[in-house]
Amino acid sequence: MEWYQDYPHVGYDLDGKRIYKPIRTKDELDKFLEKMENPDYWRTVQDKLTGVDVRLTDEQVELVQRLQKGQFGDVHLNPYEPAVDFFSSQVMIHPVTNRPADKRSFIPSLLEKEKVSKLVHAIKMGWIKPRKPKEDTPTYYDLWAQEDPNSILGRHKMHVPAPKLRLPGHEESYNPPPEYLLSEEEKLAWEQQEAVERKLNFLPQQYRCLRAVPAYARFIHERFERCLDLYLCPRQRKMRVNVDPEDLIPKLPKPRDLQPFPTTQALVYRGHTGLVRCLSISPSGQWLVSGSDDGTVRFWEVSSARCMKTLPVEGVVKSVAWNPNPTVCLVAVAVEQSVLLVNPCLGDKLLYGATDQLIEAYELPEEERLQPVTWAVAAGAEHSRGVRLIIRHGKPVKQVTWHPRGDYLASVLADDSHTQVLIHQASKRWSQSPFRRSQGQVQCVLFHPLRPFFFVASQRYVRLYNLLKQELAKKLLTNCKWVSSMAVHPAGRWGPRQPGWARPLPSLGWGVGAPRPVSCRHHKKALRSVAFHKHYPLFASGSDDGSVIVCHGAVYNDLLQNPLIVPVKVLKGHAPARDLGVLDVLFHPTQPWLFSSGADATIRLFA
Amino acid sequence: MAQLQARFFTENHKYVVDDVPFSIPAASEIADLSNIINKLLQAKHEDHKYVEFDFLVKGQFLRMSLVKHMEAENISTEEVVEIEYVEKYTAPQPEECMFHDDWISSIEATEEWILTGSYDQTSRIWSLEGKSIMTIAGHTEVVKDVTWVKKDSLSCLLLSASLDQTILLWEWNVERNKVKALHCCRGHAGSVDSIAVDCTRTKFCSGSWDKMLKIWSAVPTDEEDEIEEAANRPRKKQKIEQLGLTRTPIATLSGHTEAISSVLWSDAEEICSASWDHTIKIWDVETGGLKSTLTGNKVFNSISYSPLCRRLASGSTDRHIRLWDPRTKDGSLVLLSLTSHTGWVTSVKWSPTHEQQLISGSLDNVVKIWDTRSCKAPLYDLAAHEDKVLCVEWTEAGLLLSGGADNKLYSYRYSATTSDVGA
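Chains A and B are the protein sequences, given in the same order. For the first sequence, full-length UniProt numbering gives the first residue as 1, with consecutive numbering after it. For the second sequence, full-length UniProt numbering gives the first residue as 1, with consecutive numbering after it.
Simulated from the structure, these hints should not be mistaken for lab results.
Here are some, though not all, of the chain A residues that point toward chain B, as calculated from beta-carbon distances under 7 Å:
{"id": "1", "residue": "Ala266"}
{"id": "2", "residue": "Asp348"}
{"id": "3", "residue": "Lys349"}
{"id": "4", "residue": "Gln591"}
{"id": "5", "residue": "Ala607"}
We treat Cβ as the ideally placed atom computed from N, Cα and C, and that holds for glycine.
With the hints as extra help, turn the sequences into a complete structure.
Below, the structure written as structure tokens:
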């Protein structure tokens with residue numbers, strides 16, 4: 001159409017004649033008049049092809065309007081019809097196409113494989129570097145992290161607020177309630193008090209109205225004091241150590257994790273008629289020997305609580321000790337003023353026969369030696385009952401104990417003189433008194449299980465003698481009133497434990513190397529005896545209240561480390577009689593079993 | 001929860017009911033369930049007589065109300081419960097009480113006689129009616145274990161082991177009622193606590209306190225084995241003690257580190273031994289080697305083996321009876337523990353006829369009959385003893401025997417129900 005812009009015609013007809021543009025004679029005024037007068041002016045457009053003014057019909061106007069809104073021209077076309085996803089991932093029962101799947105869809109593409117292998121090769125050769133992980137350094141940082149605490153900003157951070165003034169109360173009021181007003185006596189008392197002692201540093205006063213309140217006389221004074229307070233207030237932050245007191249207690253393992261240890265009463269050995277004072281067990285753990293106040297020594301089978309033998313002796317049995325040497329079958333019994341060496345004739349026949357032979361093989365030395373005791377050979381009825389040798393001391397014997405090798409035995413007499421501890425050699429029938437001077441009343445003695453040491457417990461002290469060097473090696477203060485019994489750890493690492501007797505007091509333990517006592521106080525009444533287990537880290541203590549406490553005591557080779565002692569079980573069973581409860585405790589040599597003998601004439605086995 | 005859906009079934013064809021679920025009260029106990037089954041059976045057969053039943057839910061005996069049992073066993077109450085029922089085992093009937101002079105350490109019984117070992121150093125033979133037939137004295141110490149070797153109508157061979165470190169092989173002439181010591185087995189250096197004869201009846205093994213397990217021939221001969229003389233042993237003494245011909249062991253198996261408390265033959269060539277060192281060891285007799293070790297954590301008192309279910313039962317120095325599988329390679333796995341005793345279990349014995357029942361005696365003076373399907377509660381408690389029970393026995397004829405520290409041997413007639421004997 002533009003081509004014909006400057007021409008009067010707009011094209012040619014079939015005959016080649018020009019088609020002229022319609023004559024447009026309308027000037028601006030006509031256009032204006034038409035715009036004003038013709039109501040259809042707004043829908044009249046000029047057809048550029050023909051140059052004719054066309055009045056648009058309603059439908060056409062509507063179409064134009066729809067197009068202007070960006071809508072489809074067709075009224076009936078719905079652009080939002082629900083889409084049917086024909087080619088979805090869902091496999092339909094009736095597929096759109098019935099074409100079988102391409103072979104390539106399930107065969108790995110060779111091309112891709114080649115590509116991947118090239119990439120892998122490149123990565124292997126180091127030509128391609130795998131993607132570097134992004135450095136996630138934050139783009140912001142703590143501005144004050146490196147702040148010097150002494151700089152101004154740092155000081156601000158360490159700001160300690162000044163102490164605040166107390167808020168005024170009813171006393172400061174110009175018209176306080178009558179109970180805040182002081183009476184005459186109180187006023188007098190206030191005046192007589194020192195300024196620092198006064199509860200209030202002013203006298204509450206009542207005024208009729210606020211207008212009547214005079215100027216405060218102490219104002220300058222109080223401001224000055226406030227300034228002093230602020231000036232002198234400590235401006236340092238006190239770092240308080242925040243420690244939970246629970247954390248300071250060492251963590252003890254649960255008793256259940258420390259098994260095995262004796263938990264329940266398994267067997268009761270009945271037969272004695274008096275209180276059972278002492279116990280001892282054969283090294284194999286098959287036989288148990290007990291001495292009682294009824295004047296008998298009984299031998300029991302451990303597994304069945306059967307009394308195998310009863311040996312009547314004249315008098316109270318104070319102490320029994322089975323020879324710890326497994327090749328010798330001999331029991332030392334302390335009765336009244338003598339020590340009996342008894343062959344119980346239990347166990348291996350060869351063994352006790354050999355023991356008898358050993359005793360019979362003794363030959364009298366040529367020269368008579370002076371001895372503090374007399375040795376006698378039992379004969380007749382006593383021999384048939386098992387008694388082999390009698391060592392007659394002049395005084396009552398309190399305790400006997402064997403050296404771990406089984407040849408020497410020590411006895412303690414109830415005496416104050418220096419001969420109250422005697423050491424006997426059974427094979428040579430030779431006795432000697434090791435001490436020249438009395439060290440107080442000796443309660444009990446003990447041989448060290450491995451080293452040539454000898455423990456002597458007097459009432460308050462335990463002395464440790466070196467038998468080789470014949471000298472005092474160590475003196476241990478027990479801190480208790482009366483030592484009643486002591487036991488030594490089988491490894492010897494960990495020294496004797498003594499219970500206090502006169503008062504309910506601690507049993508103590510020492511490491512031999514570094515004398516650091518560990519005391520346990522759990523019993524309510526006096527302790528009577530203590531025992532260590534040979535293999536298990538267990539020890540037990542029997543008390544007058546009729547209970548036995550079993551403790552787990554792990555001892556470390558490192559002497560600097562504190563031994564771990566956990567009380568694991570309280571065993572009750574013995575009925576207290578005559579203010580006495582458990583008199584002796586003893587562990588089985590191989591099993592975690594505990595024997596206890598009591599004032600109720602029974603022996604109990606806890607397993 | 002008032003009602004439960006339950007379906008009943010049984011393996012006994014005599015008492016089959018219809019396989020349909022029933023709605024039963026949740027709180028019903030054995031007696032109620034038993035009534036239900038009897039009603040159903042009566043409806044089916046006119047001539048049905050009342051029978052007491054026992055009930056199993058998932059292989060466990062019902063001992064409380066059904067809903068409580070299912071809560072305890074964690075069984076869903078929503079679904080239909082499958083309840084198996086079996087005829088109730090009748091209570092053992094007490095028969096005889098035989099008085100001894102001392103504690104009874106061991107019992108072994110046959111169809112006709114009972115052999116007991118006692119702490120008064122003798123063994124005794126009793127008839128089943130409780131009549132003392134024979135007292136065998138010869139040991140110088142407590143008799144710890146006795147066993148029959150051979151039982152003929154004319155003469156019997158029997159063994160007794162004692163604390164005096166010997167085992168005596170006796171021949172008992174039944175007709176003349178005479179007993180003669182044939183052999184004195186020497187070699188142990190400790191109390192012989194347990195002996196067991198193998199299935200061919202030509203060998204026996206013994207376990208002793210000296211930690212050794214020895215195997216001996218049980219065939220009587222006229223020859224005496226040479227024994228090395230102990231140098232320091234007085235000769236005349238030995239001559240006096242000697243009773244019968246001396247016999248020495250064929251083999252000695254050592255490996256235990258503590259006393260052996262119980263031995264048994266689990267097979268023709270396999271010995272199990274239980275010890276105080278907390279282990280059960282299984283030995284191969286042919287090679288004399290150790291096959292496997294089962295490790296417990298308590299001292300073993302007694303073991304028993306059942307060829308029917310191939311399980312070992314052990315009684316140890318605690319309250320539990322444990323069942324072991326001796327064929328596991330790794331050992332140390334307890335299949336089941338039966339707990340109801342309150343003292344050490346001194347003796348256990350499997351039933352020779354029933355694969356799930358065993359008997360146990362304990363230091364709490366009670367003998368209990370167990371079914372392995374009910375491990376919390378025993379079938380029956382036999383509380384006749386007044387002191388520790390030391391030994392129990394279960395014969396093939398269904399006789400239960402127990403002896404203890406009260407010097408009494410009790411016998412019970414226990415017949416599992418007729419229908420169960422075949423099972």
